[in-house]
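Number of protein chains: 4
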Amino acid sequence: MLHFESDYIEGTHPEILAYFTEVGDRKLTGYGTDEICDSAKEKIRKACNCPDAEIFFLSGGTQSNLVVIRSLLRLYEGVISANTGHVNGHEAGAIEAGGHKVLTLPHHNGKLDPEETEQYIIGFYQDENHEHIVKPGMVYISQPTEYGTLYSLDELQRLHEVCEKYSIPLYLDGARLGYALASPENDMTLEDIAKYCDVFYIGGTKVGAMLGEAVVFPRHLVDGFFTIVKQSGALLAKGWILGGQFDALFSNDLYYRCGKNAIDMAARLKEGLKEKGYTFYLESPTNQQFLILENNQLEALKEKASFGFWEIYDPDHVVVRLATSWGTKIEEVEALLELM
Amino acid sequence: MLHFESDYIEGTHPEILAYFTEVGDRKLTGYGTDEICDSAKEKIRKACNCPDAEIFFLSGGTQSNLVVIRSLLRLYEGVISANTGHVNGHEAGAIEAGGHKVLTLPHHNGKLDPEETEQYIIGFYQDENHEHIVKPGMVYISQPTEYGTLYSLDELQRLHEVCEKYSIPLYLDGARLGYALASPENDMTLEDIAKYCDVFYIGGTKVGAMLGEAVVFPRHLVDGFFTIVKQSGALLAKGWILGGQFDALFSNDLYYRCGKNAIDMAARLKEGLKEKGYTFYLESPTNQQFLILENNQLEALKEKASFGFWEIYDPDHVVVRLATSWGTKIEEVEALLELM
Amino acid sequence: MLHFESDYIEGTHPEILAYFTEVGDRKLTGYGTDEICDSAKEKIRKACNCPDAEIFFLSGGTQSNLVVIRSLLRLYEGVISANTGHVNGHEAGAIEAGGHKVLTLPHHNGKLDPEETEQYIIGFYQDENHEHIVKPGMVYISQPTEYGTLYSLDELQRLHEVCEKYSIPLYLDGARLGYALASPENDMTLEDIAKYCDVFYIGGTKVGAMLGEAVVFPRHLVDGFFTIVKQSGALLAKGWILGGQFDALFSNDLYYRCGKNAIDMAARLKEGLKEKGYTFYLESPTNQQFLILENNQLEALKEKASFGFWEIYDPDHVVVRLATSWGTKIEEVEALLELM
Amino acid sequence: MLHFESDYIEGTHPEILAYFTEVGDRKLTGYGTDEICDSAKEKIRKACNCPDAEIFFLSGGTQSNLVVIRSLLRLYEGVISANTGHVNGHEAGAIEAGGHKVLTLPHHNGKLDPEETEQYIIGFYQDENHEHIVKPGMVYISQPTEYGTLYSLDELQRLHEVCEKYSIPLYLDGARLGYALASPENDMTLEDIAKYCDVFYIGGTKVGAMLGEAVVFPRHLVDGFFTIVKQSGALLAKGWILGGQFDALFSNDLYYRCGKNAIDMAARLKEGLKEKGYTFYLESPTNQQFLILENNQLEALKEKASFGFWEIYDPDHVVVRLATSWGTKIEEVEALLELM
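Residue numbers (the working numbering), protein chains in the order written: chain A, 182 to 521; chain B, 182 to 521; chain C, 182 to 521; chain D, 182 to 521.
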C-alpha cells in the first residue's frame, strides 16, 4: 500500500528520536520551565529575528488555534477566516465551543483577499446596528492554506495593514509552515511572518515531529496566557517533550530539510501526474496536491494507494488530496506514478 | 415624524395594560408557578390543540433562541439555519457564546430549502471525516422569516420529514408569528406548527406585549429545562409578568387582531408604494416590507419618516425595512404614502 | 393564607401601574435608547451623585450577576464571594456556565470579612504555583446579604481599599438594596456605594417593580457591554419597560417609601415574635427574618401561613425565612403574630 | 541538587524510548486509528478484564478531567469532589471554563466520605428549591488522592452504590494510579476499578511515560466522545505517540515496575525521616509524602534539595511535598536523608 493520504502518517524523524534518546535520562523541571524548552525558544527567536518573542509549545493545531483565539478575543468578538479555513470547518466547532463565532469570507484558492477583508470590517462599522452583531476581533490565515496555496509577502503585508488600521491582531496558522518555507514559490521568511503577524505558530506535528506546535508572540504576550493554556488542558507536565521536538527541528536546518523533501517529492508527483493527463482541482505549490478523480478510478486504486478524501466534486467525480511529507521517498512517488 | 422602523416601537396594547391594572394587586407565587401563568398556558395549549404541551415564558427572542438551542444540542452539535437566520447574524454571537456553531445554508427569500437541508445532512454522513466536524443537531427556521416571507405548510412538512428521518429537532422562531398567522398567504395554523415542530415560540414582544415570548414544547420537554432557564438568567422572579402578557393576548382573539391590523396596514402600504413605482427588494406577504431606495431619497426622508436600515444594496442604493404593527394607524400609512 | 415567603410575591406597585398607563401609547425607540430610559438614568445619576455614570436596565438578579461578572472577568479569573453569596449557591451555576469559578470564603452573618478577603488574595500571590490556579479577579458582595444583614460603611470602605490595592473591581449586588437603605441600622447612601464600588445594581424586582434591575457603572463602563448584554439574551427590544420601572421608582421617593414599609413591617414582626419567645437564626436589620422552627410547628402553620424554606437546622428543626415587602400590610403582620 | 519536588521531573523510561526507537519509521494512520493504539487498548482491556472497554489516549490529567467531565455532565449539573480534589483547586478553573460547577465536600485525608456524599445528594433532592441550584451529576475521586492517600475497595464500592442509586457516574482520576496499585496498603485491582467506576483514567505522564493518560470507559462510551475530544483540542494527529506509551507501559509489567520502585523509595524515605523526628502532615502510603518544615529549615535546604511547596501551615511552618517516582534511585534517597 502506498500512503499519500496525509503528512502526519510518517513516524518520527530519526534525528528527533536520536535527540530524545540522548536527553532521555535528565531530570527536568515541569511545565516548560526547563533548559530544553529554553534552548528551543532561543533557536526559534533567532530564526524569527525576534529576541523578545514569547514562545509556548502546545500539542496540536486545533489546540493551538483554540487557545490562541480564545485568549485574544473579547467576549463579543469573532475571528475572520476564509470559509475554507481550518478553524471554520475542520475543528469540530472548537472555536465556537470556546464562545466565539468564525466570521467567514469567501476563499480565493484557500486565501483571504486583503481588500475584501477590509471591506468586511468597514461594512461592520458602517452598519448602524453593529452593536447588535459580532465584532471582527481578529484575522486568521493559514500558510500554506488548507489547499496548499501560499500567501505572497505582499498579501501578508496588506493583511497586516488592514489589521493594524483597525487594531485587530493577525494570526497565522502554520501547521504546515515548513512546507511553505521550502516552496520555490514562497517569498516570505520566518522573520517576515514575525514582523507582520501578532501571533503565529510553527507546526511540528506535520513536519517531522512526534507532536507539537510552537506558538510565537513576536512582540506582545497575551495577559495570563500560561494560565489559559493550563485551563484549556493544554499544559504538559513534561513540557520538554514538546520543547525537545523544536530543539531538534531547529538544529542543523532540520525543519527546512523536512520541508524541502516534501516539496521536491510533490513537484515530481505533480509533474508525473500532469504528464499522465490528470486534472488538478487547483494549482498548489506545496506538499498537498488536489486531484479530481472519477469515482471508479478512486475505487480501482483503493487497494494499492491511499489518498485523503476531500470532497464530492460532482456525482461522478471526487476531489482527493495527495500529501507528501518529510519522509516521502522518491521510490514511493515513482511507484504511485506507475500505478496511476 | 412617521415611525416605520420596526414593530417594537409601539407602546403596550391597551387591553394588556387593562389586564395588568386589573390583576395588579394580587399576591402571586414566584418563578412562573402562579395562576396567571397557568391560565395563559392553558389558553396556548388550546390554541395549539396540544393538551400536554409544556410552556415556558421568556423575555425576548434572542434569549429564547439561546436557551432553547443550548438546551437541545449536545456539545458536538450545531444548528442548521439559513444564512439570513436571526441566530446567525443578529444575535451578537449568542449561539456561539453558548458553545455551538450555526451551520448556514444559502437562503431562498429568507427560507431554508428542505431538499438542500437534507442534502447537507446526507453530505455530513457521507464525509468520511465527519467525526472531525460539527454534527447537524437541529434545524432552525423563523416564521415569518427575517425578510417577512412565509414557509408554506408543505415546506414545513417536508422540513419535518427531514428532521424526523435524521432524528434531529425542528425549531421554529415565531418572534413575529402573529403577523404570519394573519397573512392572507399563510396556510398553516398553530396546530400545524405544534404538529410538525419539536419546539417553537410564539412571539409577544413584537405583537402587542410589553415583552415576552412563549416557548412551546408540544410533546417532549427537554430534561432540566427549568434549571437551564434559571442558569441562563432568563427566569423572572415575577413570572406572571410574562404569563400575563399571553393570558391577555390569547383572550378575545387579541393575538390575531394584533396580527390582522399590521397585515392590513402593510397591504395598503405596499399597494400605495407600488403605485408610486417603488422597487421592492423582495415580495413579502407580512408586516415587514423591504424597499430599495436611492441614498439621496433616504436622506431626503430622514427628517420626516423613520425606516430600518437593512443593508447597502450598491454604492448608490440602500435596502430599508418598513414595518407595520398591531398599533399602526391608517392615517400614518396614508401620511407616509403622501410623503413618498 | 398569609404570605410571607418572599418579597417578590406582591403584584406591581400602583404608582408603577399608573406610570405605564400614562406612557402606554407612546412610540419609543428600541433597546433602551428611548426618552423614558434617559429620564430614569438621569434620576439614578442624581441619586448616586454620579453625573457620568453609565446605566443599563436588565431583567433580573441572576441575569445582572452573570452579565456583569462575565463582562469584567478575564478567562483565567474567578470572583470572590461569601459561601452564602447568591452567585455561589442560588443561581443554578450561572457564573460557571459563563466560564468562571466562584472563589468562596466563609461568611460572617452572610458577609465577607475585608481582612480575610485580603488574606486570600495575598495567599494567592504567595503561592508559587499561582499561575496554575484561578486568579481572584473581582469581589462580589450583596447589600443586604442573603441573610438580611448589612455591611457598614466602614466595611465597604475596607473592601474597597483591598480591591483598589490589588486592582480588582468591587461589585455590589443590590437585589434588595431598597430594604438596606431604609433600615435604621444602615449608615451608607447610594452615593457612598457609587463611590466605593466599581459596579453595582439597584434592585427593582423585589422592591415594587414588575421586573428590572439597574446596573450602574459609576465611572468606567466595560468595553462592549451593550453587545455582551445582547449576546446574553438580556437586551429587551422594548427597553423602556425596564427603564419605566425605575423612572417611576425614582420619582416622589417611591423607592425609599417601598423600602421603608418593608422595614417597618419587619420590625413589628420581629418584636412580636421575640415577645412570643421565638428563636431567630441570626439578627437581621432588614426585611428578611430567619426563624428556627420545630418541624411540627411548621407543619401546623402550613395551611394558614406561607414561609420560605431556608435550610434544615437539625433533624427536628428547620430554618425558615419570613419576608416583608413594600406591599405588606400591618393587618397581615398582626394576623401572623396572632396565628403563631 | 536532589530533586524530590514531583514525579514528573524524570525523563522518559528507557524501555519506552527503546519502544519508540523500534517503531520509529512505520507509517501509521492518524488520530488513534492505528495498530499501535489497537495493541495498547487490547492490553489495557486485558489488564482491566473488560473486553468491551472503549479507550481513548489523551495528553494530560487536566485535559482528561475536563474532556471526561464536560462530556458526561448535562448543562445544569456539577461534579462532586473533595475540596482538595485536583479539579477543584489545581486546574486553573478548567471545569468551570467548560461550564460546570465543582460541588465540594470536606475532604478526609484527601478523600470523599461515601456517607457524606450520599447525604449531600439526599439534601439536594430534599431542598424544595433544588430546581434553582446545580444538580449533582457526577462523583469525582482520585486514586491515590492529592495527599497520596488511598481509597479502600470497600470505600470504592460504597461510593459506587451511592452513584448507582442516584444514577450518576463515578469517575476516578488515576493520574498516579500506578503508585496506588503498587502500594502495600492498596486492596483494589484495575479490574475492581473497572467494575465500580463508570469511567477512569490510567495515568502515564507521572508513571514513566513521556506524556499520556488512558481514559477507560469499561462499559458505556459517551455519545460523540471522539468529536468532543477533537473539539477540545485533545486529539493528536499522531495518536500512536500516546498509544505507544501505553503499549510499552503494559508490556512486561512495566507499569507495575514503575509503581513499585517509587513506593519502595518512598517507604525508605519515610522511615528515614521518621527516625530523624520529622513531622508528617498526614500518613501517606504512596509516593507522595507531606512534611511540615520550619520556614528556616526549608530555606537552609533550598540550595541542595528541591521539594514541592504545598501550603502555608502557620506563620512559621510550611507543608512541602516530597515525591519519589519510577526513576528515583536509592542513592538519591540516602543522600537526601543524610542532608536532612
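Incorrect hints may appear among the rest.
Copies of the same chain are indistinguishable here, so a pair counts whether it falls within one copy or spans any two.
[As the list claims (entries may be wrong)] The calculated DSS-like cross-link candidates involving lysine-lysine, where the alpha carbons are at most 30 Å apart (straight line), are:
1. K208 <-> K457
2. K376 <-> K455
3. K224 <-> K457
4. K451 <-> K485
5. K455 <-> K510
6. K451 <-> K224
7. K224 <-> K510
8. K376 <-> K208
9. K227 <-> K376
10. K227 <-> K451
11. K457 <-> K346
12. K457 <-> K441
13. K376 <-> K346
14. K455 <-> K227
If you are wondering where the hints come from, they were derived from the structure by calculation, not from laboratory data.
Now for the hints, and whether the structure bears them out:
1. K208 <-> K457: Between copies only: 27 Å across, 55 Å inside.
2. K376 <-> K455: neither (37 Å within a copy, 57 Å between copies)
3. K224 <-> K457: neither (43 Å within a copy, 47 Å between copies)
4. K451 <-> K485: within (19 Å within a copy, 61 Å between copies)
5. K455 <-> K510: within (20 Å within a copy, 62 Å between copies)
6. K451 <-> K224: Answer is neither: 34 Å inside a copy and 43 Å across each miss the 30 Å cutoff.
7. K224 <-> K510: The answer is within: 29 Å in one copy meets 30 Å, while 34 Å across copies does not.
8. K376 <-> K208: Neither, since 36 Å and 37 Å both go past 30 Å.
9. K227 <-> K376: within (13 Å within a copy, 51 Å between copies)
10. K227 <-> K451: For K227 and K451, the Cα distance exceeds 30 Å both inside one copy (34 Å) and across copies (47 Å).
11. K457 <-> K346: neither (48 Å within a copy, 44 Å between copies)
12. K457 <-> K441: Answer is within: at 24 Å inside a copy they meet the 30 Å cutoff, but 62 Å across does not.
13. K376 <-> K346: For K376 and K346, only the intra-copy Cα distance (16 Å) is at most 30 Å; the inter-copy one is 37 Å.
14. K455 <-> K227: For K455 and K227, the Cα distance exceeds 30 Å both inside one copy (40 Å) and across copies (51 Å).
Figure legend: structure checked against the earlier numbered hints; hints not met, in rising order: 2, 3, 6, 8, 10, 11 and 14.
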